[in-house]
Amino acid sequence: MIPAPFEYHAPSSVKEAIGLLERHGEDAKLLAGGHSLLPIMKFRLAQPKVVVDIGRIAGLDKIEARGSAIAIGALTTHDAVEQSDVLQAQCPLLPETASVIGDMQVRNRGTIGGSLAHADPAADYPGAILALDAEIVATGAKGTRTIPARDFFVEMLTTALTPAEIITEIRVPATGTGKGTGTAYLKHAHPASGYAVVGVAVVLQVAGGKCQKAAIGINGVAGKAYRASAVEKALVGKALDEKTVADAASHAADGADVQSDLYASSEFRAHLACVYTKRAILKAASRAG
Amino acid sequence: MAVSKIFGASIRRREDPRLITGQATYTDDLRLPGMVHACIVRSPHAHARIVEIDVEAARRHPGVVAVFTGRDIAGKLNPIPTAWLIPNSDLKTPPHPALAVDRVRYAGDGVAVVVAEDPYSARDAAALVRVEYAPLPAVVNQEQAVQSGAPQLHAEAPNNVAFTWKLAGGDANAAFAEAERGGVVVRQRFLNQRLIPNAIEPRSVVARYTSGSGDLTVWYTTQNPHIARFLMSVVTGIPEHKIRIVAPEVGGGFGSKIPFYADEAVVAFCARATGRPVKWTEERRENYQATIHGRDHITDLEIAARGDGTITGLRGKTWANLGAYLSTAAPGVPTILHGLMLTGCYTIPNIAYEVVGVFTSTTPVDAYRGAGRPEATFLIERMVDRIAGRLGMDPAEVRRKNFIRAEQFPYTTAEGLSYDSGNYAPALDKALDLIEYSRLREVQRQGPKDNRYLGIGLSTYVEICGLGPSAVAGAVGFQGGLWESATVRLHPTGKATAFTGASPHGQGEETTFAQLVSDELGLPIDDIEVVHGDTGAISMGWGTYGSRTTVVGGAAIALASRRVRDKAAKIAAHMLEAAEGDLAFEQGRFSVRGSPARSKTIQEVTLQAYLAWNLPAGVEPSLEASAYYDPSNFTFPFGTHAAVVKVDADTGQVELRRYVAVDDCGRVINPLIVDGQVHGGLVQGIAQALHEAAAYDANGQLLTGSMADYAVPRARMFPRFVTARTETPSPHNPIGVKGVGETGTIASTPAVVNAVLDALRPFGVTHIDMPLTPERIWTAIQKSAAPPAEARRQGAQQKDRR
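Going down the list, the sequences are from chains V and W. Everything in the first sequence is counted per the working numbering, starting at 1 for the first residue and increasing by one. Everything in the second sequence is counted per the working numbering, starting at 1 for the first residue and increasing by one.
If you're looking for bench data, these hints aren't it; they were derived computationally from the structure. None of the values given here were measured: they were computed from a predicted structure. Hints are not guaranteed to be accurate.
Here are the simulated distance ranges between beta carbons [claimed, not checked]:
#: 1; chain 1: W; residue 1: 71; chain 2: V; residue 2: 38; range: 32 to 40 Å
#: 2; chain 1: W; residue 1: 769; chain 2: V; residue 2: 15; range: 36 to 44 Å
#: 3; chain 1: W; residue 1: 120; chain 2: V; residue 2: 286; range: 53 to 61 Å
#: 4; chain 1: V; residue 1: 262; chain 2: W; residue 2: 75; range: 53 to 61 Å
#: 5; chain 1: V; residue 1: 15; chain 2: W; residue 2: 12; range: 27 to 35 Å
#: 6; chain 1: W; residue 1: 158; chain 2: V; residue 2: 1; range: 37 to 45 Å
#: 7; chain 1: V; residue 1: 262; chain 2: W; residue 2: 25; range: 56 to 64 Å
#: 8; chain 1: W; residue 1: 213; chain 2: V; residue 2: 1; range: 33 to 41 Å
#: 9; chain 1: W; residue 1: 708; chain 2: V; residue 2: 13; range: 30 to 38 Å
#: 10; chain 1: W; residue 1: 127; chain 2: V; residue 2: 262; range: 24 to 32 Å
We put the CB at the ideal spot given by N, CA and C, even for glycine.
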């Protein structure tokens with residue numbers, strides 16, 4: 001599996017990387033962990049003339065608690081997200097999600113920024129990022145801007161990033177766990193690729209036995225990850241018994257352009273979305289304590 | 001751990017240290033001075049006429065040494081032959097050019113080859129070869145391919161039929177007529193899906209031609225170097241004695257490295273034409289397209305039984321998809337290796353069966369682990385469960401009722417094979433015991449929990465191993481012998497080298513064969529080296545496949561060792577001034593019976609054999625012996641596998657909870673290695689049941705073209721396997737072994753499918769095509785006739801409606 005020839009750059013700063021992107025325009029591709037880009041290059045499905053390897057830029061792999069949020073450097077590997085004490089204590093949904101990405105080799109190399117920028121609808125992070133109302137920090141020539149998760153995923157493999165912008169940080173809220181908050185990520189993994197056929201991320205707040213807030217992000221089902229608003233609406237204000245949750249979860253694929261492939265038809269995928277949504281909600285509810 | 005007896009000891013594989021520390025040398029690791037690299041240009045179309053090939057841009061690409069098209073090599077390489085010409089079948093063998101000349105017949109068919117200074121330039125230049133194709137309609141499905149009006153692939157094979165092979169024993173029609181009157185007949189169409197072998201090391205070839213001497217040396221990923229040497233000679237015209245084939249470390253084959261591929265001949269041609277050593281290593285994508293696939297049968301099958309569960313007849317027809325060309329062993333796999341095993345371990349006296357081999361515009365299909373026998377075992381083991389379901393009997397009891405009984409061996413089957421030995425019931429009992437069958441049936445009767453349905457599946461199998469008697473090979477059209485060679489050479493210092501004509505590539509015979517030599521000669525195992533896979537070092541051999549290496553090659557090793565011992569005894573007797581008949585040989589020491597102080601070790605004797613200062617009259621110097629072992633029959637290992645699954649009725653997901661494999665492979669040389677062989681076979685067989693399937697679209701494009709789409713089994717998909725054994729030695733094999741390389745693949749597929757369908761009995765579901773994916777299971781449940789309340793009563797001895 002030999003990719004087409006390309007020019008390789010390994011800038012040592014974000015500024016230098018942006019300069020390369022500006023100079024080479026559409027000919028350039030960013031390389032971080034390489035687990036999305038390199039396979040498609042080896043299949044020659046992507047043949048970028050220039051590869052800008054940002055993997056050597058220092059300082060982009062830190063996880064820091066900042067008040068009510070946690071900032072995650074774009075080059076943080078899935079494994080580092082999974083193992084992070086800060087995230088496990090303050091935003092356990094993300095480590096739980098990271099723990100089921102691909103396999104160990106992928107988790108050791110793949111990065112959260114790279115995965116989000118690639119915007120594969122069957123990747124695992126998008127559902128959690130949406131359910132957490134995370135923010136994506138992008139840096140370009142004109143400086144830094146913050147993109148809310150809801151605006152970030154435009155369509156399959158397309159994000160709100162401009163061609164010469166680089167994700168530098170992801171900010172997630174410190175949801176905590178227990179004491180009324182419960183989160184969960186459940187996926188049905190494709191047996192070959194490990195990608196999510198259906199992946200459901202849930203953030204719940206429960207008080208007085210009733211659901212106060214529900215945020216549900218779903219990846220794998222549609223052309224892009226989405227928030228299951230109908231499910232969320234059907235949960236708020238209600239006690240989370242099995243019947244209520246099942247009824248609410250039956251709306252998991254409402255309005256979604258449900259995808260179909262060799263492994264799962266759109267009908268089956270929509271059905272799985274409902275089942276996994278129900279199970280993820282019940283799991284999150286059981287963790288809300 | 002002190003090893004008390006070397007035969008039967010769980011010695012760790014001596015192959016492993018070099019493999020797990022990255023010191024093994026695979027073909028792709030080889031670097032020869034002046035070596036250049038080849039890249040084969042392959043057709044993107046499944047079926048097309050080649051209008052024109054323009055190689056000028058590729059030739060001009062920096063680093064390119066040469067570019068050849070099919071037209072350039074036509075007449076310089078002979079067509080790629082088939083080596084299994086099954087008789088009485090009207091077999092058609094249309095020519096298979098090494099590179100397509102005017103027509104391509106599957107997506108992946110080679111049309112040109114680029115040779116360059118480095119693999120990157122070769123790959124880039126290959127992309128510059130411009131081929132103009134006129135696409136022709138493709139045909140992917142073998143049943144459609146034989147219909148009138150279907151696209152025709154070969155002028156020599158009207159209606160794409162390669163052969164029609166028939167099998168008959170007893171009177172099947174009478175058995176069915178009787179069953180229609182008062183028994184039970186079950187009919188079912190079974191699809192045995194196409195699989196991709198997925199050896200982790202792809203195919204690789206390094207060829208060097210020395211024009212000064214006319215020698216061709218080829219290092220490559222083959223399971224059978226001597227067969228490859230013969231076929232290389234046939235295709236290139238280079239005489240056999242001028243060809244040396246070396247199989248360095250080979251990283252898995254599973255049958256996919258048996259065939260002699262066009263690519264290997266093309267690389268040899270390039271080496272000769274350019275005067276440079278040439279390396280070619282296939283990409284994984286090429287491996288998916290241009291290395292053989294396995295299975296791909298459509299079978300309509302009927303089984304007849306009496307009301308008490310006695311099976312009386314089997315009748316059916318299989319359409320076997322052979323792909324675009326006949327691969328090396330292709331005609332024999334769905335016929336001889338499949339049809340002759342259909343009645344399995346049961347006394348089914350009547351059979352009528354037909355196999356139609358069909359060309360389609362797909363990747364050629366050949367032997368994949370088990371090769372024909374998994375397909376046969378799947379059919380009979382599914383049907384036995386169906387009979388049990390229809391009669392409301394326990395599937396274990398239907399099996400027991402129909403088993404060939406221990407006292408019936410040697411047993412001649414309706415297909416005409418003579419099973420050497422067997423004792424099937426104890427293996428079944430042991431498996432039922434280990435899986436806790438009665439307890440699980442009780443749990444099952446209590447109904448599902450959380451909408452998860454428990455299922456228990458059995459597979460009682462027998463397989464044909466130790467290929468095989470050469471006379472039989474000839475009778476069934478295999479263009480070779482199936483005996484095996486061994487040479488055991490002792491060195492003056494008392495160390496030994498054993499040479500085998502088999503070509504192990506992961507099966508552990510470097511260890512087990514050393515155990516055999518050690519057992520026969522009393523040498524420490526670390527003093528014995530096992531050499532294989534080099535036609536320059538080994539006189540002749542037929543390779544590793546068909547669970548034959550230990551059965552046939554191991555027997556040859558033991559026989560050669562015994563000849564060494566016999567010669568050593570003569571020298572020892574002379575040294576000890578005793579009659580040979582008065583000597584005892586134990587633990588590597590010859591001693592005079594009655595006066596044990598008078599003794600010589602085998603090492604002392606060996607030294608004298610080489611010094612030759614004082615040898616007995618008529619005894620030549622040196623101490624080595626060869627044996628050429630041609631078995632008198634096949635061996636027939638058997639056993640019972642049992643699977644326990646839970647099926648999530650909400651998602652269709654199958655969780656494999658437990659798996660018990662009780663195998664009887666005769667005497668066991670190394671239990672650890674036998675377990676390893678069983679484990680590997682199990683994951684491949686279970687993956688066929690649940691996950692793996694190659695898929696084409698209607699245009700002949702492979703939809704499962706990479707490991708991201710094709711579900712190669714992963715460790716996380718499986719529980720801890722429980723392995724156990726019974727031991728029924730082969731009466732005719734010199735070391736009593738029966739072979740175990742394929743049993744896991746053969747037995748496990750139906751065991752797991754039976755378990756899933758057992759779980760789905762409350763829904764009235766009696767059949768789902770493999771692989772049993774969540775969607776297929778969920779869909780079957782949705783379509784099931786049984787109302788949910790009814791469905792919750794499980795495990796009762798109710799009868800299936802279908």
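Do the hints match the structure? See the list:
Between residue 71(W) and residue 38(V) the Cβ separation comes to about 37 Å, which falls inside the hinted range of 32 to 40 Å. For the pair residue 769(W) and residue 15(V), the supplied restraint of 36 to 44 Å is violated, since their beta-carbon distance comes to about 58 Å. Taking the beta carbon of each, residue 120(W) and residue 286(V) are about 54 Å apart, inside 53 to 61 Å as hinted. Checked against the hint of 53 to 61 Å, the C-beta distance between residue 262(V) and residue 75(W) comes to roughly 42 Å, which is inconsistent with it.
At about 56 Å, the CB distance of residue 15(V) to residue 12(W) disagrees with the hint of 27 to 35 Å. At roughly 40 Å, the beta carbons of residue 158(W) and residue 1(V) sit within the given window of 37 to 45 Å. Separation of residue 262(V) from residue 25(W) is about 38 Å and departs from the stated range, judged on CB atoms against 56 to 64 Å. At about 36 Å, the CB distance of residue 213(W) to residue 1(V) agrees with the hint of 33 to 41 Å.
With their beta carbons about 34 Å apart, residue 708(W) and residue 13(V) fall inside the hinted range of 30 to 38 Å. With their beta carbons about 27 Å apart, residue 127(W) and residue 262(V) fall inside the hinted range of 24 to 32 Å.
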